[in-house]
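S.K.: Given the coordinates of chain L, assemble chain B with the ligands onto it according to the supplied hints.
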Amino acid sequence: MTKVPLKVVVSGPVGAGKSTFIRTLSQTEVVDTDERSSENIGKTHTTVALDFGQIDLGDYLIHLFGTPGQTRFDFMWDILSEGALGLLLLVACDRPGDFPHARRILEFVTSRQSVPFIVVSTRNDVAEKAWQPADIAAYFDLPLEQVIAINAENVDSAKRALIRLMQQL
Amino acid sequence: MAIFGKLSDFSLREVISMIGRRPGALLLESDDGSRMHMQLSDAQIVRITLERSIESVDEAASLLKRFVQGQGSFHFDQREDDRPLAATLQLDWQRLLPPADAPSSPAQTRIKADDLPHPQTCFVLIKGRNVRLDPILDAFLQRCGAQLERGASAQQLSDELAMELEAVQWHLQSLREIKKIWPVRAYVEQSDVPKKKERRSLGQRLLGLILK
Ligand SMILES: Nc1nc2c(ncn2[C@@H]2O[C@H](COP(=O)(O)OP(=O)(O)O)[C@@H](O)[C@H]2O)c(=O)[nH]1
Ligand SMILES: [Mg+2]
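So the sequences go chain by chain: L and B. If you read the first sequence in this note's numbering, its first letter stands for residue 1, the second for the next number, and so on. If you read the second sequence in this note's numbering, its first letter stands for residue 170, the second for the next number, and so on.
Isolated chain L (complex conformation):
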């Protein structure tokens, strides 16, 4: 029997943990599209195209698509979200300076696409000073159930983000 493909879009600013998250959850080799960045974004490599990973759930095959965070790729945030099962918007809990950009992505996509979404706060295991989920929810104006704090490097923790999304469908 062929598996039903489902698309989950992983979006967020540069450095939010998108590549990490997809690598952690994917059961297949992740297509790594990072390339040396010419922009000053605080790290030498960044996602310029798609991160892609898969999770096999028996009858269903979840495809995880990571979108590039930079504004010049904004057309992809929109195109990718079309027909998606859901959207995970990642933000690093210790990088509040990126929240406005994250909100811009979220509001652009969700005002145009009827896509369920949650905000996923990453780096909770390493942050010295972190925004808590309740405060992130206040910033994005979302109910607390729509925000979850995880460690993107840990499978069980990352999985909780998918579970939360499914609970929001």
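Some clues are possibly wrong.
[Claimed, not checked] Rough simulated footprint, nothing fancy, chain B against chain L, three-plus residues with beta-carbon under 8 Å:
id : segment
1  : 85-99
2  : 134-142
3  : 148-161
[To be verified] Derived pair list, reagent style PhoX-like, types lysine-lysine, alpha-carbon separation capped at 20 Å:
id : chain 1 : residue 1 : chain 2 : residue 2
4  : B       : Lys365    : L       : Lys159
5  : B       : Lys381    : L       : Lys3
6  : L       : Lys7      : B       : Lys365
Honestly, the hints are just simulated from the structure, not real lab data. Just so it is clear, CB atoms sit at the ideal spot from N, CA and C, and this is done for glycine as well.
M.R.: Relative to chain L, chain B with the ligands alone:
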């Protein structure tokens, strides 16, 4: 809880709206290192200190000005069980902050162009909310109130009003920060019941599989 960041990323108005009625201590620190401590209780400022206690409204307002303009940083700690020091003030933010204004030129403002609403993000007007606006923003709202009541994007407004796109984006951002307009959530607002049901049951099936 604690929230913190730079006032170039979050406007002071947004910080205040996030704090809401939570009691606690708000610290504003300007780039030159001076620190303004405020004690908040029930959406009121009950004490301001800046090396010394500030007891006049005018003085507090003038001190706040540069933070409104996006200079410096903020840190708020919620403190439920703190025994507050005796209140020396009883001020609501409305009295302290100037009315929300629209930037006359993007170069003068704190928001990075990349953080402005996307040209195609659709906004709606929150009719029931009364806010104090400066004349420029008020005039903008007069011009496009009807469109925003139905829902409109910066791109649409720019086309219809023959106004520069970037100027419209700045105005929308200012209105959004004070919650006079709101981004449409297509997901929530769509009323396709069968589709919602279908989605929910798929969610349940997936949950069963992933939790196995
Ligand atoms: N410990 C920890 N590190 C993280 C987490 N999320 C992201 N990182 C790290 O943060 C950096 C940026 O992550 P990356 O996946 O490249 O972000 P992207 O730009 O969104 O793809 C990398 O060094 C990651 O290892 C997390 O939840 N925990
Ligand atoms: Mg990446």
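S.K.: Going through the numbered hints above, which ones does this structure break? Give me the numbers in ascending order.
M.R.: Those not satisfied are hints 3 and 4.
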